[in-house]
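Colleague: Chains A and B, in that order, give the protein sequences.
My numbering puts the first residue of the first sequence at 2, with every later residue one more than the last.
My numbering puts the first residue of the second sequence at 80, with every later residue one more than the last.
These are calculated hints, taken from the structure and not from any lab test.
Even glycine gets a Cβ: it sits at the ideal position worked out from N, Cα and C.
It is possible that some hints are incorrect.
Here are some of the chain A residues that sit facing chain B, going by a computed Cβ distance under 8 angstroms [stated by the list, open to error]:
#	residue
1	18
2	19
3	21
4	110
5	148
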Amino acid sequence: MSDPNEMIVPPDLVYVTFIRSTPQKVWDALTQSEFTRQFFFGRTIESDWKQGSAWRLVMEDGRTDVEGEVLESDPPRHLQVSWKVAWIEEARALTPAIVTYDIEQTGDAVKLTLTQHNPGPVPRKFIDAGKQGWAAILSSLKSLLETGQPLVIRMKAPE
Amino acid sequence: MSTAQTRFVYVTYIRTTPEKLWAALTQPEFTKQYWFGVTMKSDWKAGADWTMFHEDGRVFDAGSIVEADAPRRLVIKWRNEWKPEFKAEGYSRCTMEIEQTPDSVKLSVIHEMDVANSAFINEGVSNGWPKILSNLKSLLETGSVLAIEKS
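Take the sequences, apply the hints, and build the full model.
Modeller: Set out below in structure tokens:
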């Protein structure tokens, strides 16, 4: 078994999903609380989504889950943010990740590409948790936009 | 952990049952809908031959079933048969794991090859699986697939 606390600089995490929707609806779902609270483990989200603005993801009890800066914003096609996990003490000292959403119309669907780039070393357990988390979040987003019903997926935080 | 040198992993959660997902992964009436016309022939038992056909009858991929534990786990020894540079890399291994969660089913696809920087994995499989599995999820949750091009 790999040591969960080993510090690694991982390759970029890329997750692609195709969703029967429009780029604008996917953009809105990723950036507005009425949607994120349904598919993103109950989180709400705050920002004006302009380049240079702050953004944050907020837990149901009001604590900040993730915070960062909007690095690039071209609605409804491209959004890049810095991503600093704030609610886990051990994660606060790490170099923030760079998370990019690319949204592209294809046929009657939207190709959504999520890329997580970690410029600095991170404990392996956070990278593994991130892979599991993104798969659950983006699966639930697809269900929400296609059926009106998100999935209920429970997941533990890395220890 | 296996020692494969090139690996693609995709996880998706689908609102369905393990039995329905197993059927969708193995039976032609489902695969031809979400897998761009593809059908597969096998009796889905360990050691059995496995062949994947294009709708025009050409063989796309072929191999054998390594493990089959319906509806939980399927391992296929899998070689591409239509693109010479992919075929030259030899056999890959594709593991599909199906796990019930409270509200949905977790499907993990691990497709790996004991070749460094495998073109079949990095160019073929890595582009194909997200489309195929997005289509599969739409089919099982909404009853219809997406109108997207294979490539």
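Colleague: None of the hints should be skipped; say for each whether it holds.
Modeller: Here's how the hints hold up against the structure:
1. Annotation: residue 18 (chain A) was flagged as interfacial toward chain B, and the flag holds, the nearest CB pair being 5 angstroms apart, inside 8 angstroms.
2. Taking 8 angstroms as the C-beta contact cut-off toward chain B, the hint placing residue 19 (chain A) at the interface holds, the least distance being around 4 angstroms.
3. This hint holds: residue 21 (chain A) has a C-beta 6 angstroms from the nearest C-beta of chain B, less than the 8 angstroms allowed.
4. Here the hint on residue 110 (chain A) is kept, as its CB sits about 4 angstroms from the closest CB of chain B, short of 8 angstroms.
5. With a least beta-carbon distance of about 5 angstroms to chain B, the hint placing residue 148 (chain A) at the interface is held under the 8 angstroms criterion.
In this structure, every one of the numbered hints holds.
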